[in-house]
Structure formats: C-alpha cells, structure tokens
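Student: So the chains spell out like this:
Protein chains: 2
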Amino acid sequence: MPAPASVHTTGVGRVPIDAKTTIALNGFVDDRLRAGVTRMLVRLQGRTGLVLSRELSANADAATLVVTCKGPGFSTPALGEDESYTLDSGRQVVLAAGTVVGALRGLETFLQLLSGDRDGFFIPAVNIQDRPRFPWRGLLIDVGRHFESVDLIKRELDAMAAVKLNVLHWHLSEDQGFRVESRKYPKLHELGSDGQYYTQDQLRDVVEYARMRGIRVVPEFDMPGHVMSWVVGYPELASAPGPYTIARKFGVFDAVFDPTRPETYKFIDNFIGEISKIFPDAYWHVGGDENNGKQWQANPKIQEFMRRHGIKDSPALQTYFNQQLTGILRKHGKRMMGWDEILEPGLPKEAVIQSWRGQRSLVDAAKQGYDGVLSAGYYIDLLNTAATHYAVDPLPGTSDLTPAEAAHVLGGEATMWGEWVGPETIDSRIWPRTAAIAERFWSAREVTNVDDMYRRLTVVSVQLEELGVTHLRNADVLLRRLTGGADPGPLRVLADLVEPVKGYQRGGQQPAMTTLGPLTHLVDAVSTDSLGARAVNRLIEQLLADAPHFMLGRDELQKRLTSWRDGHAAIARLADEAPALAEITPLADDLANMGAIGLDAIMCLSRGVVPDAAWRDAKIAALTQATRPQAALEFPFAVAMRELVFAAAEQGQLATMSPAEWLARIKTLAAPPRRGRGSAGS
Amino acid sequence: MPAPASVHTTGVGRVPIDAKTTIALNGFVDDRLRAGVTRMLVRLQGRTGLVLSRELSANADAATLVVTCKGPGFSTPALGEDESYTLDSGRQVVLAAGTVVGALRGLETFLQLLSGDRDGFFIPAVNIQDRPRFPWRGLLIDVGRHFESVDLIKRELDAMAAVKLNVLHWHLSEDQGFRVESRKYPKLHELGSDGQYYTQDQLRDVVEYARMRGIRVVPEFDMPGHVMSWVVGYPELASAPGPYTIARKFGVFDAVFDPTRPETYKFIDNFIGEISKIFPDAYWHVGGDENNGKQWQANPKIQEFMRRHGIKDSPALQTYFNQQLTGILRKHGKRMMGWDEILEPGLPKEAVIQSWRGQRSLVDAAKQGYDGVLSAGYYIDLLNTAATHYAVDPLPGTSDLTPAEAAHVLGGEATMWGEWVGPETIDSRIWPRTAAIAERFWSAREVTNVDDMYRRLTVVSVQLEELGVTHLRNADVLLRRLTGGADPGPLRVLADLVEPVKGYQRGGQQPAMTTLGPLTHLVDAVSTDSLGARAVNRLIEQLLADAPHFMLGRDELQKRLTSWRDGHAAIARLADEAPALAEITPLADDLANMGAIGLDAIMCLSRGVVPDAAWRDAKIAALTQATRPQAALEFPFAVAMRELVFAAAEQGQLATMSPAEWLARIKTLAAPPRRGRGSAGS
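If you read the sequences in order, they're chains C and W. For reference, each letter of the first sequence is one residue, going 1 to 682 in the working numbering. For reference, each letter of the second sequence is one residue, going 683 to 1364 in the working numbering.
Everything labelled a hint here was simulated from the structure, so no lab data went into it. All C-beta atoms in this analysis are idealised placements derived from N, C-alpha and C, irrespective of residue type, glycine included. Among the clues, some could well be false.
Claimed, not checked - Derived CB-CB ranges, DEER-like: (1) W:Ser797 <-> C:Arg131: 34 to 42 Å; (2) C:Arg118 <-> W:Ser831: 53 to 61 Å; (3) C:Asp119 <-> W:Asp1237: 39 to 47 Å; (4) W:Gly1028 <-> C:Lys184: 56 to 64 Å.
All chains, please: the whole structure from these sequences, using the hints.
Tutor: Here it is as structure tokens:
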C-alpha cells in the first residue's frame, strides 16, 4: 500500500530473508541512498529479529537485494521528480530506478513484500513496475493551533515516506501560534508562540530529514488573515490598532494585514527573504483563507485606498494583496500557492490553487490554466472514516477536463488541522487513514475496493509503528488515564465500538475548549474507523441477507450483543472511582440497551415470532435515543440496528416477497431519519 | 510514592477538584515555580478532563491550592538543597516549602493525592510533613552503548521528577560511542559517534530542563578505560598505537589512556575546560572502572615510567592518573566522582565513590572518610524485579557505621546501562522499577512492605505515562511486530507470565549481538516484573496454605492453568506466518505442559488422590525441563509449580503432621536445585 501500478506474481521461487541476507548497490550511489538502505535494514532487523550485516556486498550476483540506481535525480526533492522503479524477485531481488528517490520508493515496497511462513521470512517472486499517478502527494500538518515537536514531525515524515507521500505542507503560523524563529523580526516567535517554536536550525534539520526521504517541505505562512499571532508583536501590520493577544479559542478572527501600507510589504519581503533561505522548495504557501474582511471594512483609510484604486470589495483587495505578494515571492524565487479563496480575477497564472471548499474550484482553476491540488475530501480533522476519503478522487472518471486541463491537477493533500489534536493524539488522527489517501494519490484510479483497502490498511498500520508513530499505542494510554490506572478492559469494549462525531460537532458537545485544554477524553482515544462497528455492521448485513433462515453469523452476533448488554456494570464500577468516566456511563447504558434490543430482535427472527407495531415503535424510539451523539461520540451502527428491529417486525412480509425484495424494503424502512454519516468534504 | 516521611489523614473534609479549581502563589515566586505549577495543571487537566484556568488566583484564601514558598533555594540544583515541604488539606490545600525545589516536590505529592468517587475528583484531608532520607537520589542513563534522543532524556527527567529523584547521571562516553560535541576536539564526536551525539546547545537544553525540575546533571566521561570511541579520532591518547574503530560488541576492551604522557593531561584539561562550562554541577564523574591494564603492561615506556616513579601496579598507576585528574578537575571547579575501582591508597579525599561491585566498598569508603553513593543492588540492567531492588538499603539497619561515617553515604543511583536497551525499550527497563528504588532513597528505612509497594507502583506506573514514558505502551507495539500485524492476543497470555533472564544471561542465549542489532524479541517486550506470575505464585501459596482442604482460590488457579494448557495452539498458528515467533513456540509448549501438570496436581489434591513416586519424579523432571530459560526468558514460578507437585505427592503426610509443618516440608522438598532467582547486586 499504495498498490503499485503493475504487479505480476511470477509464481515460483522466493528469496529467503535470513541471517545471511546481503545487499549490493549497483550503479549510482550517494549518501541518501546509503542512508535509505540502512534505515530499511534496521526495520528489516526489527521485524525479523535477525542480526543483519550493515556492510554492503561487493558481489551483486550473490546479494539478496541488488539496488540499481541510474543517477541522483534532483538533489533536493522537487515537483516532477522521477519516482518510478521496478522490482523483480526470483533468485534475488533486483530493484531498479532512475533516481535515488525512485529507489527509496522501491525500498518501501521491498519491506512491504516481506512475508513469512514455517520456513522463515522471504520475499515472494514478483515483478513490479511502479510509478505514481499524481506528482503532488501531500500531508498538511498544522502546528499553529497545537505545537508539535521536531521529533514528532520527523516520525510523520518517516511514516509519509513509508506510504510514498512526497510533500509535507507545514502550516507554521496561525492565530493561535507563530512557530518559526525570525532573527529579523524576533517578536514574531518571542511574543507569538508561548515559547513553542522551531529554531532555524531545527527547521533546517527537518527540511534535510525530509530531503533524505525524498519529501518536499512546503511552508505555509497564512496571510492576510489568520495572523493574530503575528500582530501580537507587530500590531502595525494589522488593519485595526490592537493590542492583540495570542488566540486561545478557535474560529475565524478579525485580525488581517493592512494591504494598503507599503510597510506591510516591506515586512513580508524581509520575512520571506529571511525564511525562504531555509526552505529550498520552489513553492510557498500564503494561505489566503477565511479573511472575513471586517477590519478592512471598518478602516476608513483602507476604504479610501480601495476607492482610489478602484478595488470594489474585500476579495478584490485580497487579490491586490496577492499580486504584491506574487512579486515578492518571485523576487525570492518562489511560486505562490494558496487556498481556493485566492482564485479571483486578476490572480497571476503561476499561482497554485489548493481546493478546500469543494472539488469545483479545482476544476475551475484547471480550466483557467491554474495548477491545483485537492484537499476537499481529505480533511482528516473532520474525523471521517478511511473509506470516506478513499472514495474521493482528485481526477474522477467523470471529470470533463481535457487532458491538458487535467494535467493541471497535480494531486492532493490530506490536511491535519490542529484544533483538536495534541502530541499525544495527532498520530491517531493522521494514521492509518492517511495511508488510504496516499494510495488514492499514488495508485490507479481503478483501485477502489474498500474491503481490500481495510485489509491492507490494518497491516500497514502496524508496520508504521516501527517508525515511532503512536496511533495505536496511545489509545490504551488514554484509556488507562481515564480509569485512573485501573484495568481499562471493560472500557475497551465500548471504545472499540464508537467513533468520534464527524465534522466539527465536538465543539458543541464538550466544555468550551481552548488551545490549553485537555485532549484526554474518550473521544481522543478512539479510532475514526471503528473496526468493531464495521464487524457488527457486517454481521447484521449477513444475518438479514440470510432471510428467511437468519442463521449466518448469528451466534457471533449474539455473543457480541450479549457482551454489550452485560458490559455496562463493569464500566459503572470503574466510573465510581474515576470521575473522568462520568460522561461515558450514558454511552455504556446506551450500548447495553442496544445489546438487549438486538438480542430481542434476533430471538424474534430465530423463532419466527413477529412482534407487534408497539414493540417496533418502542425499540426504534429507544434506538434513536441510544444512538444520539454523546461525549462527542457516536455508535456507527444505528442504521444496522434499526434494520434488525424492522426485520423482526416485518418478517411476515417474507411470505409475499422474495428475500431480496424484502431486504430492500427493510433498508428503506430503516434509512436514517437523521443526518447521514459524514461525507467527503463535509 | 515515594511515601512521605509523615502522613496523617485528618479524617473529615476534602478539597474538590472541579472546573473552578484555582491556584494561588503566596510568597516567593519565580519562573521555575510558575512553570512547575503550569506543568502540574496540564497533568491535572489530563487526568480529569477538566478545562482549568491557567491564571493564578489573587485570592489565596479562596484558592483550591495555595503554594507558599519562602525563597528560591539554590538557583542551580546542588547537593544539600532543602527539598522538604508540608502539605495540609482540609478546606483548601496548603503547600509550604522553604525552596522552589521543595515546592516542586510537594506539587508531585499533590498530584498523587488526586482521588475520585461518584461525587467527583478531590484531594483528601491530610497533613504531610516530608523530606528525603538521602540527598543524592540518582538515575544513570548510559547513552554511550545505545544513543537516546534529547526528547527521550527529557521524558526520563519528567518521570524522575515525578518520583522525586534529583540526579541524572549521564554516562556520555563509552567504547561504543562518544555522545558530546566538542568544538576543541571535533574528531571525538565526528569519528566516535556514528553521527549520534548531542550538540552543545542540546546539552545545555537538557541541563536547563533538569534545573527547572530540581534535578542535577552529573556528566560521566569514563576514563582511563572504556575510551575506544575517543581514540578513534585521537589514537595518540591510547597506550597502544591503534588504529581504533568504534566498538560494536560489548565487554571490556583494552583501549586505555596513556597516563604517562603530559599530552594526555593537556587534552583532558582542555576537554574538561570546554565541557565543564555546560554542566554547572559541582561533581564530575570520571568513571575509572574496568581498566584491564593490558595496554599498560604491554607498553615498555609505560612500564619504564612506573619503575621510575615507584608505581607498583596498574591500580597504583590508575591512582596516579586520578591524582592528576583531581588537579585538573579542581582547576575547573569540579569534585571527582568515580566507580569503586578508584578507591585505592592515595586517592584524594574529595573523591566520591560510587559502589557498583558491592555494598562493601561504600562502607570502606565511608570509614576512610570518602563520600559515597550506592549502585550495587540498583543495577536495573540486570533485569531483577522491583522487589529485589527495593530490599537493598544504602544504609541498612545492620550497618556498623558511626553517625559521622554514615553521613558519608549520600544516597544511591539506579543504573541503566545501555547494552540491551534502545529508544523503544529503555523506558520499560527503567520504569516502573526505578520508582520503587526512588522510594528506597527518599522514604524511611522502615517502608519495606513489598505488597504495598507493588500496589502503589502499579498506580504510579500509569501516572508516569502522562509524561510520555513508553514503558507500558510499547509492549504491545513489540508484540504486534512479532506477530507481523496479527492480533497478538494469544501471545499476551504468555508475555504476561515470563520474565527476562536475570543478570547478563541473555548474551549467551541469543545470536551474537552488537550495538546495531535488533531489540525486538519477546524478551524486549516483557516486563521485568511479571504481574501474571506474581498472581499465580500467590494463588498456589494460598491453595497450599489451605491444606488439607485445598479450596482457597482453586477455581481461579484452575482457570489460569487451563488457559496455559490450551493457549499454545493459538501461538503455534501465529508462528506459522510469523517466523519471528519461532523462538517463542517452545515456551508456549512448556507453558502448556505446566498447565497440564498443575491441573493434574490440583485434581489429585482436590480428590485426595495420592499419586505415586514415579508420577512425582516424572512431573518434577518435566517441570525442570519446562522452566529452563529459553529465548532469554524464564517462567518465574518454577518453585511454586514444584510445590504443587510435591503437595500432591505428599498429601498422605498431612495425617501425621500439622498443616504448617507439612507446608514447611513441601517448601523444603521443592526448593530449587538450580541457581536461585537473581539477588541484589548479582
């Protein structure tokens, strides 16, 4: 994962991986390739427990793995890098690539091919030809709202490399924090960061770390809005007098740069001049989103400026600002990238549009000749499932773009916005879902089987752990903290069945949150993809598809429902000594109720007993009650549970219609009266 | 934990911790105290899920917690700091201390007092008077053999502060790596570290981080032996010509400084002059251990020097070296500390002796007027249980030291030597055991109840997680890697019942290991204190103490033994696709055999059936076979299992003796024929 462009299993033969495993580098070799091979070896050792030689073999013919690299490619990763490679295994594994980055991509595939059976570890015989579908495959990490350490960013880079992502979009300034040391304007980080910023050495270190893995780093300094943390130290940049303080809450704030003063551009010019030396990438993200225009409208001097220059409204003033910005960026050798708000008449053609409000702006941009990157549908902070994001394609088969227009669609980016994530939880909000998104960006459009995706995602998820990513391990940490140290076993049953509420509903369900508040509730511990719920949905689907026998998987389903019904007492006992669980006990009660309802319905189905309408209405009402979001959590099997109840109530209809017709009827009856599950880009 | 010097529960009253919780600082306030309060608040938020105000309250009378601090204490932590505090709770919590460090210690106690019930979180009404028993309470971390990142060291410092340890003994150079940037002698880190070293900025950052938490940092640069990584870049320092390479294996190497050349001292002088500016502590650890003297004996010039100066042997030459070293250290304002080998006639009295070879040298040193710190008995890398270390006292009740001599015993240090730990596993080798050792150093000599210690250790262990320590969370990571991503459930049963072999036996049981090899075997995943085994030992003890009924806890014991007997099939299935488990399956078989044997014995006991001697001999032989160490693991209930078998075989004797006599007889019969469990300082 991501699935290669072409894989042929060549049938016979396998390459054993044992203590005698050796590696030869044949062709171009540099430090980057050597370091990549060493990292691969360390992970191979970790998985196999074998002590492997770090010495490269001089005998390519006899080596287990031969890496043949034609040339260096770009010494600094850049858009348009050749990332293709081939991997051929039989007697030995031969990995061939035109560039070092191509070889690095192939080494990740090599590691994913590692298999094992009673005879030991091996690489199966395959022939792989691989190249990415899109050249821009990114992950945005917002460190403005919650700061994340250098070590954390580095482990995300390792994980990104493992799933062949190639752009870290580093969102470095926000209303809630300015995260970069500026020697030119030290009040930016001194007053705008609570002391939580990256030194210039650290920034260079991260850029180099990314370079070694074939990953570009595109910095974002959002402007003219989202600049509260800038104007704490430099209020003269704003369009209203201030003073300002670092934002602690979330949302859209009024603070916006004054685009009418030459001093503003002088400041930006100096700042970009200083910081652009640290980021070698050709692209520079200026943000440009969510400027509410209020300060501009309220400032008579700015209004006067607009009249004088014939600028009709705030979006037009922002375009004026962007035109100035483009000039500054050109001077420093950078190309502008921004959120889709910047797509207004007059925007210079070199600007790259990042679509966040919908796929439409990407299409519009492409038709107007702008390059674009899709993020709508990949907002992982909305807490949708991997399947939801997986279904979104930057360039769907239904697209009406001409090939020339389509070439403007460079790829996509998952966006990890920082309102509701801190160092302990951000990994579980990025991973493993982003691996599914990475597959969407790398693999063929036709790779869309969701079950197969989840099967492979589960394996990749565990492999990512070896890179230090904490998405799996930290769940238990949070559960143990909630129970105050008691065995969280009973809580785990519940935690495995709920999902965070989608979208930005959490804010309305928990006490007023700030950047300084705790992210240690159950909602922080649970996965966005409840595998337990998936299994239950599957079991109910199976059972109802087995009409009129209702046998398939029944025992397993009953077992699970029984554990729900009986589990709440244990959680209540835990809660007696752990007040942090107080918000959870209603969920445990709801789960118990649903268990009882489900068991009731199954008993009716298995005995052919048809309950009356009063029973049905009572159960449906109880389910509606039990599946309402609470503690920012929801049970993602409300519909399936309703189906079970309707199935019991409507058994009689099976006498007059085919099982398929009956099932369709049940599904219609059970269709949710409430808001559907979160959908792409919601 | 550590238990305070004096605690009185004052009975009535409690201080609620809720969203309205406020804190007031009354008296001396500085950045250190303010930062300590903020860190405490963040952890309090994390545990409670409450959004708490970061603003300090101006109204001390109404505040939930009032911290009254008399003065700053030492601005840089130093030996002799007043760490005492009092904590009084009733209407509000009043924490009073003479120094900021005392207040910080009290804040940790405050957090440990947090309790919860159905009415919410609260601090119970208590009166605590607390001060440490020993002023030197340390943890050594060896980053020479395996490098550990700055972030990792920082989280250990946080955890140390949580259990009131106050010295980080940072072992910074070893044969396997030189970990400090030297601008004066750059080949030290450039050629001696594989690129894994701390920059001087990072070192300063760690020292400051420790200072903020009231922790001293004592650097160790081991010499004249253990210097292979120094002489890679500077072979002229050695007593034999070289060339040298960084050591990859472990053990005692020959490389040793040439103590006869003035240039050696010039180098050391310059080096200490440079680096001592980074470490403000008054103590400087020179190592001094495990110099095998071979290079000295083989070098005619050195032999000639010894004759000329009347130096009779290698220890005497090392004392000569230490005398020169003392002068250099004095010049740079430092006091020498070293391992107990340095305690030779002629050693300057200001030297501090760290006893590693046994408690004897500490006593000898004290009698000769040397200060000393005990590490023998606290070698946590030997993988003994917490109980083992807990039983060792730096100044036992049986000590024959006079009060004046006893005052030379400054305290102790747990030593985390780095041969068998890497970033993923070091936390589980340090924690939670070191919390038990910390209690030994802080609390009264009389605090020795092992069961109570384990009860409290389990709670503290979970609390340490909030500081980022990975000792609990990484176990599952390693298990998942071993199974190749499959659910490690079946493996967990086994993992919970084994302990790593004690002492340094592992080296003999697994393939030749180097600093570059994997630390991802089952032995790396399991705890040094098998709580599962403790429970089984307890159950067997209970059952046999219940002679002649053999009822107490029988059902639970049978349940566990049955799960052992039936568990190996699932592990074997996992191993079919996960070759890394190959070394584990024999252990699973052994566990299954023990389960069957145990069930057999219990059946005999419960039915009053007396098996014959052949049965007994066969079972004992089978147990001997099943409990031999394998894969560097052992089952720590061999004796209890033997008791069970002897009990079944010897039931008849109950007719002729009291249950107590009978039990004593069983224990004698079952006493291990093999080496006992690892004991303190073994």
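Student: Now tell me if each hint is right for this structure.
Tutor: Each hint, compared with the structure:
{"no.": "1", "hint": "W:Ser797 <-> C:Arg131: 34 to 42 Å", "result": "violated (60 Å)"}
{"no.": "2", "hint": "C:Arg118 <-> W:Ser831: 53 to 61 Å", "result": "violated (38 Å)"}
{"no.": "3", "hint": "C:Asp119 <-> W:Asp1237: 39 to 47 Å", "result": "holds (42 Å)"}
{"no.": "4", "hint": "W:Gly1028 <-> C:Lys184: 56 to 64 Å", "result": "holds (59 Å)"}
Hint check: violations occur at hints 1, 2; the rest are consistent with the structure.
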